[in-house]
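*Asks:* Work the whole structure out from these sequences, hints included.
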Amino acid sequence: MPYILNTEKDTREMFGAIGISSLDDLYRHLPGSIRINKNLNLPSGLSEQELRNCLTALAAKNKTINKFNSFLGAGSYNHYIPAAINPIISRTEFLTAYTPYQAECSQGILQAIYEYQSYVCLLTGMDVSNASLFDGGSSLAESVLMSLRITKRNKIIISSSIHPEYKKTLYTYLSGFNFKVQEVNFESQGLTDINLLKAGLDDDTACVALQSPNFFGIIEMTEKISSLAKENGALTIQVTNPVSLAILKEPVRQGVDIVCGDGQALGGHLSFGGPSFGFIATKNEFLRQLPGRIVGKSTDKEGKPAYCLTMQAREQHIKREKATSNICSNQSLNAISAAVYLSLLGKEGLYNCALYSLNLTHYFYARLSEIKSIKLNFSKHFFNEFVWSVDNPKALMKKLYKKEIIAGLALDRFYPELKNGILSCCTEVKSKEQIDDFIEKLKTV
Amino acid sequence: MPYILNTEKDTREMFGAIGISSLDDLYRHLPGSIRINKNLNLPSGLSEQELRNCLTALAAKNKTINKFNSFLGAGSYNHYIPAAINPIISRTEFLTAYTPYQAECSQGILQAIYEYQSYVCLLTGMDVSNASLFDGGSSLAESVLMSLRITKRNKIIISSSIHPEYKKTLYTYLSGFNFKVQEVNFESQGLTDINLLKAGLDDDTACVALQSPNFFGIIEMTEKISSLAKENGALTIQVTNPVSLAILKEPVRQGVDIVCGDGQALGGHLSFGGPSFGFIATKNEFLRQLPGRIVGKSTDKEGKPAYCLTMQAREQHIKREKATSNICSNQSLNAISAAVYLSLLGKEGLYNCALYSLNLTHYFYARLSEIKSIKLNFSKHFFNEFVWSVDNPKALMKKLYKKEIIAGLALDRFYPELKNGILSCCTEVKSKEQIDDFIEKLKTV
Amino acid sequence: MDTRLIFDKNSSGRKTNYIKKPDIALKKANELLPQEVLRGDLNLPSLGELDVVRHYTNLSRLNFSVDTNFYPLGSCTMKYNPKINEELSALSGFLNIHPYQQEDSVQGALELIYNLEKILCEITGMSRFSFQASSGAQGELTGMLMVRKYHKLNKNKKRKVIVPDSSHGTNPATSSMCGYETLVVESSRDGLIDLDKLSKVLDNEVAAIMLTNPNTLGLFEENILAISEMVHKIGGLLYYDGANFNPLLGITNPALMGFDVIHLNLHKTFSTPHGCGGPGAGAVGVNSKLLDFLPCPIVDKKNDKFYFDYKIKHSIGKLRAFYGNFSVLVRAYAYLLRLGKEGLPRVAQNATLNANYIKAKLKNDYNTASDKPSMHEVVFSCMRQKEKGVSALDIAKRIIDYGMHPPTMYFPHIAKEALMVEPTETESKETLDYFID
Amino acid sequence: MDTRLIFDKNSSGRKTNYIKKPDIALKKANELLPQEVLRGDLNLPSLGELDVVRHYTNLSRLNFSVDTNFYPLGSCTMKYNPKINEELSALSGFLNIHPYQQEDSVQGALELIYNLEKILCEITGMSRFSFQASSGAQGELTGMLMVRKYHKLNKNKKRKVIVPDSSHGTNPATSSMCGYETLVVESSRDGLIDLDKLSKVLDNEVAAIMLTNPNTLGLFEENILAISEMVHKIGGLLYYDGANFNPLLGITNPALMGFDVIHLNLHKTFSTPHGCGGPGAGAVGVNSKLLDFLPCPIVDKKNDKFYFDYKIKHSIGKLRAFYGNFSVLVRAYAYLLRLGKEGLPRVAQNATLNANYIKAKLKNDYNTASDKPSMHEVVFSCMRQKEKGVSALDIAKRIIDYGMHPPTMYFPHIAKEALMVEPTETESKETLDYFID
Ligand SMILES: Cc1ncc(COP(=O)(O)O)c(C=O)c1O
Ligand SMILES: Cc1ncc(COP(=O)(O)O)c(C=O)c1O
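Chains as they are written, first to last, in our numbering: chain A, 1 to 445; chain B, 1001 to 1445; chain C, 2001 to 2437; chain D, 3001 to 3437.
In case anyone wonders, no lab produced these hints; they're calculated from the structure. Any given hint could turn out to be false.
Said to hold, decoys possible - Heads up, simulated DSS-like pairs for lysine-lysine below, C-alpha to C-alpha not over 27 Å straight-line:
1. D:K3372 to D:K3361
2. A:K419 to A:K403
3. C:K2028 to A:K224
4. B:K1063 to D:K3311
5. D:K3305 to D:K3118
6. A:K322 to C:K2152
7. D:K3313 to D:K3152
8. A:K375 to A:K419
9. D:K3301 to B:K1398
10. C:K2416 to C:K2363
11. B:K1224 to B:K1152
12. D:K3020 to C:K2341
13. C:K2305 to A:K63
14. A:K375 to A:K432
15. C:K2021 to A:K249
16. A:K403 to A:K372
17. D:K3118 to B:K1038
18. B:K1375 to D:K3028
Here the structure is a predicted model, which means the values were calculated and not measured.
*Replies:* Have a look at this one:
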């Protein structure tokens, strides 16, 4: 039997030590009526050789994104992943280790996570970050719950240009409570409608949550919104794309109180949407309400730096039903991977990654604007994706798909009012050639 | 510049310390006439992203063996490679370490190589093995040179059913000397012709070298040959396939003095023929003539086992022109990989690997024998490959190739006298289905 | 070893060119965007590839891990993570697919999810599974939100959730996140749920009880059928925290025990690696009562085509963007195919055998938290040692000296000076003997 | 850590089923083969996958390596081995091709070999390359056997090969393997070849001189053109041991220096990993004199198709089965494309800069083996320390205590108490400073 080491001889000796005479004796105290007395209705185990064949065949049934000229983004970004990441995060002392509860056996994990947290703070300008959450969606939910705990108010305002699946996640997380939720629509330029938002703000509003660059790629007027929120004693939560922060103003300098989002863009694989990780960072004053694990730095007896899990009193192991969150396992390896990515790219590399993405996307936009039948109604202040419209986008996309082009995401899926809209994205992996080829094909289909 | 860490500031400081003012100053003492004073005529360096694209495209121009129903063997065997090997031999402490000259920094390497050597001894029954040679061909050459040193005789007898490329390698290695070489042909069954061999043996014969299973897959009568050799004071050298030793008699019990061969079959990739490794093992009495590195076991001050390079006095660092060989770097990582492979498969696994290969090959043979037009003239005592003949094999193989079948190796390439012969191989990765499909296609092309 | 932070290894000007400069005329950021949305300096370090590789490789060497050390951390099921699963989950066909690609281009991924669900249904007896949760705790949240919506839809007035005092901290925390009041029921002296005490807290306002079985003391809740009957009678549901399901694979299942909704930690029972604390996956299974409440989408099949089904009548919505930690699902699926119907019960039996062996060998030296037979783990109470001045912490440190990871300490809280040992089935008697000595 | 041998971890009956049982009726070995050719018991250990993984993972942890430690082992060019090269050499299209596949199915592999050869020709000035040799030493053998055949064909009566006393041991050993008598020429006091002494040993029987440049003291043989003229005049050839070519990339080349045949260690200069001592690759380059003697096959191109050319008039034959250590070639090719024309001279310059920096910083504390400017490495003689009772070995041990791999010791033999330091260009000033301190 693979992965089981006890031999027959071992088993017999262990029976002797325990005082039993069969494996079944281990289960004597289970009520008979709940025992499964037949074989599971499953195939027999495969040899490793058969297993490899089987899953290789299954993988081959997927057509990878590299086989397409694809402009899909919408929360999952195809960035270049340096080769050095994988050998590092595949180090078995990271891969097969558990949560660093035992600090003496985990200094490497703890330092790596501490560095991850520091990177999040550098990018966002915030004081503190946790060790990671699950993904962008749950990081928004946890941020909102945090604001509700901090302000002890009962209403939240959400921009409708936040990733629709993040909003959906948030609403699920809130479904056990009776908070009031107001969704504020976007205006004609694709930005959160500040007038509607203003109207919604009141002294029971815990937070305003927005995304910037928003789901349409557009950079929101965060500073304006955060100052309105502040006037009403509400916190500002911003979902963001961490790569965009290489060129965009740090959230903290725009009055944001809690910043969150998905970390996939930082060297993570697409992998059909997961695993990635959620990040969350805030100001020192809100530290006690920050959910999840946090690694802190101190010094050991010899005065050398030492790292350990800190602020555990907020967590469920100790606080139980009064914990800031139920989160226990998070996405540590993905967070460490992001730290490695940022270390490899460094200051200049990440900047270029953002700048190239920005340029290619704007080049794409310019090329599209040559075509009469295409409408480009939203703001031009977008980062690495934007919305364009065309009559009957579904039919167009189908035709392009046959030519191995994925034009982007059809927006009717999430926004009936944008039923002609397509959201398209460029990162640094796209080339001028691919964009030009797309335009060519677009003109001829 | 990738992989160079000195910054401009560093460089300036280093200039100061050295007392130079430009990089070029480092080369002031080179004669001007030999300086390259222009750019190399090469492309500019690629980003990692471009490099990955470029080599991925190149790799895609190769059609891998898995895309064919292939029966190629002939010294490079497509065995199943357990997934656990790669993560182990990719451990950077193996991959990026050098020869374990410095024992304190290399106990892991030394122990792993010691275990490799022990495995070779277990398989072959010999007393001592070295730390590896380059491949099967050079291992035969080094074995023959060894026999010449040991016996101080001047003639060698070589079976013509040794892998033709190993023979060729041997002849190249001998080309600096004036030894007499006699090649003994195979008889009608594909075995070394013992009568010819007997006739060739004389008191100047240093060794008889044969391969078993030989190039045609046939198990040679090694015991008979070795006793003839012994009668004449010559040594017996046997090239072998290490996987076959799971079921075939240990060379040492067949009177063999030096056993050698290629280790690719032990969990190594095909990788277009290299890298694999050569193994060589012999009896204690010949230890001082064994070429290359050897790891020995001793105990340290605290009585714990410790490993180090041993018998270095035979080697070129010390002995220089009187060394047993010039070999320095060998194929350590491949040898360690083989040790890991053997550890994973273990006693039962390696036996099954050999047994399944044997069975599938004989099944294939039986199926082929159903077809009238196919001749099977050689001995039925083959391991995992055998020779079959057909009129105009090239035309047949071409037709099959179009159906993504590689029937085997056309033998005219190496043996004009076997111009209709095809050498075909099965390992445990072949299935009944693939063999049956091949027979089906063979009947219909 | 140079243990400075990576930031302290910064050397301005050092860099590696990973990405390609696009072949268009590059504009500066402020030519494309208004200056006021742009940031000033980006204070990331500048490093070379060797700096980074050496830094993190050396950090990794400071950790204990399953591949390097015996790691009997109780409640965490630190079993061996097969290497083939890593290889397969890294296949390009699994790694390089976008969640919004057309379904016909990701049929392999959908088939995998579909098949994995079918296998888990067979093992647990549940009707369907959702794979959106990224961890056990998020699985609990998923399940309990379904419970909540179920009660709401059925107009049941429910306010409370019961958890035993031995429960894992995530259980009460989850209950709070669902807006429930948490009631704790004390365990009896033998470490099991005290039925009398349970019946006292059970009333019509109880929405559900959350149970781990075997519980965190490693004991099987023998009265599970009685408990299930009691809870169901007041209209409550039973939630199964499957973190400890390993010793029961193929032996019994949560459906037979009467559970309505469960989660399984794929990163425990199904061997996906823990990765320093994630990514994992919490597969949430339900019986027919809760089918209509599953998060959306789920994967279905029609005319041999697999597709995402978003039409779930009373779906609680989504727990995350996209569909879940897909790469983790690949590993779990590979593991299940590899073990098959014969392998799974063997896993359970050997996990139980190993724990009981340790218990048998150490019970003369350490008090066990209960005299009941153990399942996959055993909890010792080091009170006897404590009296001699040796705490559980001291013992743990000594175990580290011997090159092994210590067991879980001071949990569960109801055992004093607890040391919680879960050897898992992938360790050998030989290793256990070394640990025991 | 349990450092027993893997054999001592054997536990009879333990196993993992990796391979598939064929779906034919299995026969026993003795039903297919005569009993007398079969072996008795096969005494391999029986282990579980975790046993093996833990064993070798822990063994790996005992080693120093470039990724974990500064590794300035002289003469070995322990530069950083880029991770991308490992990834690319592991592509299925490179790993899973059989050497006897039809040429049209391996065009990518042939193209790679073809292109790599072109690049090396440009860098070295040689006409063609062979990639059959698996190491530097085998490269030497290849080259010197060509030299031998060349002389034979030209009916030159040659019996001897000259090597300097500072030469690497493989040079004289190779010369012997080619049936030549080895003459050693002493170095002058400044560590270079003594031209007078050379002229004394040079006669018509000298087939070749084998030189490393920079030599093993890290010094450039400034009189190389004079040497080349002297040797050529007596009808001898010049062999270039390219193990130390790193500091000269793009600066000069062996053709300009007058060499006729050379080898390059791809595992040194071209960054392929050393793997505990192999696999490497010795690329052997020749000028037009030796073109007809190359091992066969070489790769050529016709009508955009790449093919193996076996028709080499006086080929010395083969050095191995098949074509060489192909995976190593993939890495070297990737490295060359990555660095390009600008990168290669920068490699050379920084390797030289780093060595000279160490020399400048340490020359007050240690004697250098020569006062000549250093190239890629510097050899110190610890005689001053030795007088105070501290040997080169003691110094090496101390360096280990600081977490660095010690330099090469006691080589070259002509320097007393030698410590040979080759930092390579991939290390930073910071690291060097730590080493210096
Ligand atoms: C009994 C029990 N329940 C729940 C959990 C939480 O699982 P996760 O860490 O995946 O959120 C754990 C994990 O330690 C556990 O042991
Ligand atoms: C100068 C010199 N020549 C030759 C060699 C031999 O190279 P290899 O180990 O690849 O055979 C070395 C390697 O150490 C060397 O330093």
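*Asks:* Determine for every hint whether it applies to the structure shown.
*Replies:* Hint-by-hint comparison with the structure:
With a CA separation close to 15 Å, the supplied pair K3372 of chain D and K3361 of chain D stays within the 27 Å bound. With a C-alpha separation of about 23 Å, the suggested pair K419 of chain A and K403 of chain A falls inside the 27 Å cut-off, and the hint holds. Annotation: proposed proximity of K2028 of chain C to K224 of chain A holds, straight-line Cα distance about 25 Å (limit 27 Å). The suggested pairing of K1063 of chain B with K3311 of chain D holds, with an alpha-carbon distance near 26 Å, which does not exceed 27 Å.
For the hint pairing K3305 of chain D with K3118 of chain D, the CA-to-CA distance comes to about 16 Å; that is within 27 Å, so the pair holds. Proposed proximity of K322 of chain A and K2152 of chain C is supported: the alpha carbons are some 24 Å apart, at most 27 Å. For the hint linking K3313 of chain D to K3152 of chain D, the alpha-carbon distance of about 14 Å falls within 27 Å, and the restraint holds. Proposed proximity of K375 of chain A and K419 of chain A is supported: the alpha carbons are some 13 Å apart, at most 27 Å.
Between K3301 of chain D and K1398 of chain B the CA atoms are separated by roughly 22 Å; this keeps the pair inside 27 Å, and the hint holds. Using a Cα cut-off of 27 Å, the hinted pair K2416 of chain C and K2363 of chain C holds, with the two alpha carbons roughly 16 Å apart. Of the supplied pair hints, the one linking K1224 of chain B and K1152 of chain B holds, its CA atoms being roughly 24 Å apart against a limit of 27 Å. For the suggested pair K3020 of chain D and K2341 of chain C, the alpha carbons sit about 17 Å apart, so the restraint of at most 27 Å is met.
For the hint pairing K2305 of chain C with K63 of chain A, the CA-to-CA distance comes to about 15 Å; that is within 27 Å, so the pair holds. Taken as a hint, the K375 of chain A and K432 of chain A pair is honoured in the structure, with Cα atoms around 22 Å apart against an allowance of 27 Å. With a C-alpha separation of about 23 Å, the suggested pairing of K2021 of chain C with K249 of chain A holds against the 27 Å cut-off. Taken as a hint, the K403 of chain A and K372 of chain A pair is honoured in the structure, with Cα atoms around 22 Å apart against an allowance of 27 Å.
A hinted pair counts as satisfied when its Cα atoms are at most 27 Å apart, and K3118 of chain D with K1038 of chain B qualifies at roughly 18 Å. About 26 Å separates the Cα atoms of K1375 of chain B and K3028 of chain D, which keeps this hinted pair within 27 Å; it holds.
Going down the numbered hints, you'll see the structure goes against none, and every one checks out.
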